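Each chain, letter by letter, is given below.
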Amino acid sequence: MNNFSAALNAYIEQVREWGQREVRRAGLEADRNGAPLPPDHPYFAAYVDFRRRHPVPADDGAVPEGPAVRMAAINEENAYWDRGMGVAAPGPGLPAPIVTAAGTPEQRERFLGPFRGTDIPRWGSFALTEPSGGSDTAAFRTRATRTDRGYLLNGAKCFIGNAARADWVLVQANLDPEKGRAGQRSFFVERGNRGMTGIKIEKKMGLRAYESVSFILEDCEVPHDNILGGERPERTSKSSAYGATMGTLNTTRVGVAASAVGLARSAYDEALNFATQSGAFKSIRVRDRLEVMYRQLRAAWLMTLRAAWKADNRIPNIVDASMAKVFAAETAQDLASAGMEIVGLEAGAGHHLVEKLFRDAKALNIVEGTGQIQRIIMARNLVGLPR
Amino acid sequence: MQIARHNRHGRLGVDFARGEGDEIIAGTIGRFAADELRPRLREFESARTVSESVRERFAALGFETLDLAEEAGGAGLGLLARVRTNRLLAEADAGAALALDRFAPAIYVIEAFGGVEALKSRQLNLGQSDLRFALVMDPGAGDVAGARVAGQVAWIPAAGADVLVGLGPQGAWLLKQGFAFEPVGGSALHAAGASSVKFDGTPILAWHDPVRAAQALARIRVYYASLIWGVLSDAAGFSRSYALDRVAFGKPIAHHQALAFLIVDMYVAVERLGLLIEDAAVAIDAGEGRAVGAAAAAFVDAIEASRFVGPNGVQILGGHGFMRDFPVEKAMRDCRALGLLAGGCDAAREQAGAALAATISERIAA
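Sequences listed follow chains A and B, in order. Residue numbers are given in UniProt numbering: position 329 of the first sequence equals residue 329, and the series is strictly consecutive. Residue numbers are given in UniProt numbering: position 169 of the second sequence equals residue 169, and the series is strictly consecutive.
What the hints contain is simulated information worked out from the structure, not anything from laboratory work. All values reported here derive from a predicted model rather than from experimental measurement. Note that CB positions come from ideal geometry on N, CA and C, so glycine has one too. Check the hints yourself; a few may be wrong.
Claimed, not checked - Sample of chain A residues at the chain B side, in silico, Cβ under 7 Å:
#	residue
1	T276
2	D288
3	R295
4	A299
5	L302
6	M323
7	I366
8	M378
9	L385
Claimed, not checked - Between beta-carbon pairs, the in silico distance windows are:
#	chain 1	residue 1	chain 2	residue 2	range
10	B	S187	A	E341	29 to 39 Å
11	B	G289	A	R359	52 to 62 Å
12	B	S187	A	I318	36 to 46 Å
13	A	R24	B	R42	56 to 66 Å
14	A	G34	B	E23	54 to 64 Å
15	A	A138	B	E23	32 to 42 Å
16	A	R359	B	E23	38 to 48 Å
17	B	R42	A	S278	36 to 46 Å
Work the whole structure out from these sequences, hints included.
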């Protein structure tokens, strides 16, 4: 690959055109409203139509880049226009690869099938984080108990993306706490389940375009068929909910890194455009600051692409993925903050895009493993930091 | 990473694979550095040169002209191959790496101005194994082609040379006579020697061409940045190993989170630098318009990484790091000194900023 292929570039061009025309505007609308656009907002139907006309390149060889590099390229462009709207996009979302990897054939058809070929916006959701902690995934308190009628789920989840509008939420719970992580399984909780209560859409500093939902599971009963992988899953690493979840997070870290690069590029462009139009670019100090920003952006993108390239080539990339995630997330925050400074009081007035990017960026160093967690992962691999 | 190139959207595509040839070169250079240079680190430093036998063994490997164009008598493998080689040599000893390169980066100036053929007519044969070049930065170079040049430079990491090359923003010159090396103590890179240089003579070759001067400087910056990369890579790796052996409060100091995170951040700084250097080398090899800016940025990044990794390499070893028993104090000095070359950090930052300005002009034009 000497360059992104013409096929991938052509797809990115479509994403760019869509982003410029619709996504940024929708993201700003949600930000101004202080709440996600409602599920019946025309944007989402238009999005579904866009995706039907321009499906994400499949693994059919039409786009020669591997899936991870493809994902990185697309995520980066999406996040350039609005990271929040990317998360709010209709679709099965984060659980899709988990269900594909660990679900039974019936579950794949039942829960992912409705997303295929539909013109109705639908969402799936994945509930991992709990109020008592997000990073220590092995210490969940949500419990599952088997009964003759199904499973009873009890516990609480928080900051769950799109959960209030989702057709189903894939909930992580522990069926056998004595086994620790090995006891964890995932359960489909379908919309309208009376045991899913206290649903609260959080008010956030940034990334307001998508729902972050907290809810309680109170004797939330789901049928036996709703346990991911079936009641007696085949003994593969993928059939463990914990294994499937962690495997997915290792992959999606690169995706988050790419999104952070996209957001950072957006902040850089805003700062550069402002500096050019205002004449501030003539100041050596401003120019130096932009040079530092550009260099950091470039390095973050190279790190992200390398981590993705390794994934596609089946080269171990745990350190690369964590490095890309933490560095790109910190880059997004640094560039948005520096962008605020270059734009100055215009940014302080609260109307400028760079101000929104500054609020949006912080989350990227928190979601899917904080910067500290990424450093711990790297330290385990580099110096054998004990667990 | 073979090729990284902006496409029309300013996006880049990357292939990070290393070919079989890359691996063979890396293996050969790595073994040479580990067997011949590393064990004699302090010996060469004290002697202020590398031994003749080591010089001969290095020459026999055939990597001297690795990156020179084939028409210039080189292997034509490009700057990317050179920076990877430099990194491995500098991981052992950056001063020795400089001592072993008899062309220094001066050859990039001659090559950029198309002067390799002209050397032959001046009775200068690159194949002559004892012919050594040295480079000085002369702000006035190229202002008046062919005129007498004079000046002095307080320090270069070399003990002497047969040909002195001067490079400035407007052009370059080449002196065969009319210069003198005076030994100085030197802050670092002692295996390469340390001299002040006075020059006052008429160049046998002189060029006025700011574009080519910038291209030459770009290669020189990446060359020195790659040596810094090697030094920092070793400093980070050595201090990491030490932190795993050294026990305090009942466990390896690397397992105290403050140090674990510091080690991680040092690792990231070195990786980040390596990516930017290779990216710049690829841009130069491909003749991309962004090459000059990318090279300047890589050089600045090398200096900034030096400020972080160099002192912290010492810090992790505590009092031991301050002693000459361990190589981290040398690494701290070497990387700092390397960053003073090629015109230094501020000039590079200026050029990287100017490259951004050019990008803006292109955007406006588009």
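Evaluation of the provided hints:
{"no.": "1", "hint": "T276", "verdict": "5 Å, holds"}
{"no.": "2", "hint": "D288", "verdict": "6 Å, holds"}
{"no.": "3", "hint": "R295", "verdict": "5 Å, holds"}
{"no.": "4", "hint": "A299", "verdict": "4 Å, holds"}
{"no.": "5", "hint": "L302", "verdict": "4 Å, holds"}
{"no.": "6", "hint": "M323", "verdict": "5 Å, holds"}
{"no.": "7", "hint": "I366", "verdict": "17 Å, violated"}
{"no.": "8", "hint": "M378", "verdict": "5 Å, holds"}
{"no.": "9", "hint": "L385", "verdict": "5 Å, holds"}
{"no.": "10", "hint": "B:S187 / A:E341: 29 to 39 Å", "verdict": "36 Å, holds"}
{"no.": "11", "hint": "B:G289 / A:R359: 52 to 62 Å", "verdict": "36 Å, violated"}
{"no.": "12", "hint": "B:S187 / A:I318: 36 to 46 Å", "verdict": "40 Å, holds"}
{"no.": "13", "hint": "A:R24 / B:R42: 56 to 66 Å", "verdict": "60 Å, holds"}
{"no.": "14", "hint": "A:G34 / B:E23: 54 to 64 Å", "verdict": "56 Å, holds"}
{"no.": "15", "hint": "A:A138 / B:E23: 32 to 42 Å", "verdict": "39 Å, holds"}
{"no.": "16", "hint": "A:R359 / B:E23: 38 to 48 Å", "verdict": "47 Å, holds"}
{"no.": "17", "hint": "B:R42 / A:S278: 36 to 46 Å", "verdict": "55 Å, violated"}
Checked against the numbered hints given earlier, this structure breaks hints 7, 11, 17; the rest are met.
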